[in-house]
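Peer 1: The lines below spell out each chain.
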Amino acid sequence: MSDGLQQVPQRNQVDAYRRHFMAAVTGAATLATLAPGVILREASAATRPDVTARPPEQPATSVVRWGMLIDTARLGDGGAAMVAACRREHGWGHDPRASPEQQPQWVRTVRVTDKLTQHSFTLPVMCQHCEHPPCVDVCPTGASMKRADGIVQVNKHICIGCRYCMMACPYKARSFVHEPLTDQRPHSPRGMGTVESCNLCVHRIDTGRIPACAEAAPQAVIFGDLNDPDSRISQAVQALGGTQIRADLDLNTGVRYLNI
Amino acid sequence: MSNTAIVYREVGEGRGFYLLLVLFGAVVAMGALAFFHLEHEGHHVTGMNNQIVWGLPHVFAIFLIVAASGALNVGSIGTVFRKPLYQPMGRLSALVAMALLLGWLVVLVLDLGHPDRLIVAMTHYNFKSIFAWNIILYNGFLALAGFYLWTMMDRQLKALYPYAGFAAFSWRLILTMGTGSIFGFLVVRQFYDSAIMAPLFIAMSFSFGLAVFILVLYAGFAWTRRPLGDVVLNRLRYLLAVFIGAALFLELMRHLANLYVTRRHGVEQFILSDGGIYTQLFWVGQVFLGALVPLSLIFCRRLVGNRLSLLVACVLVILGGFAQLYVILIGGQAYPLELFPGATVESTFFDGQISRYAPTVWEWMLGLGGVGISLLLVTVGVRVLRFLPVSLADEVLDSDDS
Chain A
1 MSDGLQQVPQ RNQVDAYRRH FMAAVTGAAT LATLAPGVIL REASAATRPD VTARPPEQPA
61 TSVVRWGMLI DTARLGDGGA AMVAACRREH GWGHDPRASP EQQPQWVRTV RVTDKLTQHS
121 FTLPVMCQHC EHPPCVDVCP TGASMKRADG IVQVNKHICI GCRYCMMACP YKARSFVHEP
181 LTDQRPHSPR GMGTVESCNL CVHRIDTGRI PACAEAAPQA VIFGDLNDPD SRISQAVQAL
241 GGTQIRADLD LNTGVRYLNI
Chain B
1 MSNTAIVYRE VGEGRGFYLL LVLFGAVVAM GALAFFHLEH EGHHVTGMNN QIVWGLPHVF
61 AIFLIVAASG ALNVGSIGTV FRKPLYQPMG RLSALVAMAL LLGWLVVLVL DLGHPDRLIV
121 AMTHYNFKSI FAWNIILYNG FLALAGFYLW TMMDRQLKAL YPYAGFAAFS WRLILTMGTG
181 SIFGFLVVRQ FYDSAIMAPL FIAMSFSFGL AVFILVLYAG FAWTRRPLGD VVLNRLRYLL
241 AVFIGAALFL ELMRHLANLY VTRRHGVEQF ILSDGGIYTQ LFWVGQVFLG ALVPLSLIFC
301 RRLVGNRLSL LVACVLVILG GFAQLYVILI GGQAYPLELF PGATVESTFF DGQISRYAPT
361 VWEWMLGLGG VGISLLLVTV GVRVLRFLPV SLADEVLDSD DS
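Protein chains in written order, with my numbering: chain A, 1 to 260; chain B, 1 to 402.
Simulated from the structure, these hints should not be mistaken for laboratory data.
Do not rely on the hints blindly, as some may be mistaken.
With a straight-line Cα cutoff of 25 Å, these simulated SDA-like cross-link-like pairs (lysine to any residue) come out [as the list claims (entries may be wrong)]:
| # | chain 1 | residue 1 | chain 2 | residue 2 |
| --- | --- | --- | --- | --- |
| 1 | A | K115 | B | T348 |
| 2 | A | K115 | B | L295 |
| 3 | A | K146 | B | R263 |
| 4 | B | K83 | B | R263 |
| 5 | A | K156 | B | G275 |
Selected chain B positions facing chain A (in silico; Cβ < 7 Å) [as the list claims (entries may be wrong)]:
| # | residue |
| --- | --- |
| 6 | N126 |
| 7 | L259 |
| 8 | R263 |
| 9 | R264 |
| 10 | H265 |
| 11 | Q269 |
| 12 | S273 |
| 13 | L337 |
Now the stretches of chain A that chain B is said to cover, found in silico as 3 or more residues with beta-carbon under 8 Å [as the list claims (entries may be wrong)]:
| # | stretch |
| --- | --- |
| 14 | 67 to 81 |
| 15 | 236 to 250 |
Beta carbons are placed, not taken as given, at the ideal position from N, Cα and C, and that holds for glycine.
Can you build the whole structure from these sequences, using the hints too?
Peer 2: In C-alpha cells:
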C-alpha cells in the first residue's frame, strides 16, 4: 500500500519532466501545460533555427558551443535510426577487409543494465565533445583538436596514426581505419592509417544544418548552441538537466542525456 | 681511474662476424617486409583492432626503449657513481643503449598508421602530450648518449666526460619516467592510471637493460675470445638481482594499491585470476620465470660463479620482461572500459566485453625486425670502432671500489 502511494508522486514527476522536455523542444517553456500533440505542432512552426550557416571566411568562434541533448526515453529504438543516419552520412561501417573488431563505429547503441536493480535502458554513444577532451591532451601532433565552437575532431592531414587518442578516450568513441578505402563521401573523407570519430557533422553545421543523427530522431534530440541562453537546447538543459556519461571525469561533455 | 690501462680494440673480421651480419640482416629484412605489407594493406592484416589498439609491435618497441635506457646504466655507474669497475664497460653500454633506442624507433614509427608523416611528428608538437615529450626525450637521449660516448672515446673531450655522463644519466631517468607516464597518465584505463608507472618503468629498465647488456657483453667477449673475469660478472650478477627485486617490489605495490580500490577489483581479478593468457603470462612468465627463477639462479650457493646460470637468468629476465609488458599493454586494454560504473553494458562495438587479440605473423616480423636492427648495430659497432676492451680479466680490473 505504502509502495503504491510512494509511486504516485514519482510518476507525476516523470510526466512533469516529459512535459518540460516537450516544451523545451518547441522553444516555449510556457507551453508546458498544453497537450503534447499541440506542442509538437507548434514545434514545426518554430521560427528560430537551431543552427545558422557560418560564412566561409569567418573562423569558428568560442561564442558558440555546439551541443546535443538526447532523451533516451523518447528514442524508441535506442538510437538505431541515429546510428543508421550517421553511417549513411559518413559512409563508415562496411569496410570490406576489416574484421568485426576492426570495423570503425562512429556511434553505436549501448544497452545499460544496473547490476543491482536490473533497470535497463539503451542510448546512442558517440564522441561526447568534451570541453576538456583527453584525446586532445594526449595527441602528440595536435591532430586531435577541439574547434573553437566545441567540436572535437581529427585533423587528418597531421594525424600520424599513433592511436594514443583511442587509448585515452573514456567513451571508446574513436576508430582507426585499417584498410585502403574507396568511394568515400566528398564531405567526409576517411583515410587509411588515421583515426576518426563523430565530428558532429561539422560540414552540415557550417552550412546551417543540424547533424544527421539529430535530424533522424527529432522527437528525442535537440541540437544547438549551449552558450546561447535562448536556444532550445539551453532552455531544455536548464529546465530538465542533462546527464553526462562518466560525469566523475569532469570533462564537461557537449552531448547530454535525459533518462539515463 | 682504473681504466687508463684498459685497451679497446675492434672485433676482427672473422667468419662469425659475417654470419651474424647475415643472421641479423635476415631478421631486419623480415621486419622490412612486414612494414611494406602493412603500409600497402593497412593494419587489417594485424591482430590489432579498434578494441586492442596497441599490440605486439608496441610490446617490442616499449621493451626496446625501456631496455635502452637501462643499458646505459652500466656506464652511468662508472661515471656518475664513480665505480672504476664499471668504467671499461661504459663504451659498450652507450653503444647498446643507442642501438636499442634505434630499434625502438624503427618499430614504433613503422607501426604508425602514417609512418610517412614522421616529419609531422617532429615538427608539430602538442606540449600537453606526454607522447610529444617522449619524442623530444628519445631524440635527446640519442644525442646525449652519442655525446657521452664521444667523451669516452676522444681524449680531447675527456674533461667533459663526467658532465656528459651525469647529463645522460639524468636524461635517461626522465625518459623512462616519460615512458611509464604514457600509461600512467591514461586516466580512464583502470590498469594504467597510476603515478607508480613511472618508477616501475625505471626499475624495469634497470633490470631489462642490464640483462641485455650482460648477454651482449658475454657474447662479445666469448666470440672474440677475450678474457672476461668473474669479478665483473659477479658484480653484474648481484646488481641484476637488485634490479629484479626492485621491479618486482614496485609491481607488487601497484597491485596491492589497486586491490585496495574497490572499483579496480574487476581489472585486478581479471589480470591475477580470470584473464587466461594474461593471468598465465603474469604468474608464470613475469613473476615465476621472469623474477623468481632468475633470483634463485643468482643466489643459489651452488651456482656462484656459474656463468651459464647467469646467462639463463638474463634470458629469463628478458622473456619475463616481454611477458610483463604484454600483460600491461594488451591485458590492460583487453579489460573493458567502464562506461557506466555499477552497470553492465553491451553493444555492437564490444562494450563490456573482454577484447580478443591474437598477433599475426606480420606483427612478430615487425617487432623482431626492431630487435634485429639493434643487434645488427651493435655487431657493426664493435667491428668498426673500439667499444670492446681487449680484456676484462680479474687482474686487469680495479675492483677496490666495493
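Peer 1: Give a verdict on every hint.
Peer 2: Evaluated hints:
{"no.": "1", "hint": "K115(A) / T348(B)", "verdict": "holds, 20 Å"}
{"no.": "2", "hint": "K115(A) / L295(B)", "verdict": "violated, 44 Å"}
{"no.": "3", "hint": "K146(A) / R263(B)", "verdict": "violated, 30 Å"}
{"no.": "4", "hint": "K83(B) / R263(B)", "verdict": "violated, 46 Å"}
{"no.": "5", "hint": "K156(A) / G275(B)", "verdict": "violated, 36 Å"}
{"no.": "6", "hint": "N126", "verdict": "holds, 4 Å"}
{"no.": "7", "hint": "L259", "verdict": "violated, 20 Å"}
{"no.": "8", "hint": "R263", "verdict": "violated, 10 Å"}
{"no.": "9", "hint": "R264", "verdict": "violated, 14 Å"}
{"no.": "10", "hint": "H265", "verdict": "violated, 13 Å"}
{"no.": "11", "hint": "Q269", "verdict": "violated, 15 Å"}
{"no.": "12", "hint": "S273", "verdict": "violated, 19 Å"}
{"no.": "13", "hint": "L337", "verdict": "holds, 6 Å"}
{"no.": "14", "hint": "67 to 81", "verdict": "violated (count 0)"}
{"no.": "15", "hint": "236 to 250", "verdict": "holds (count 4)"}
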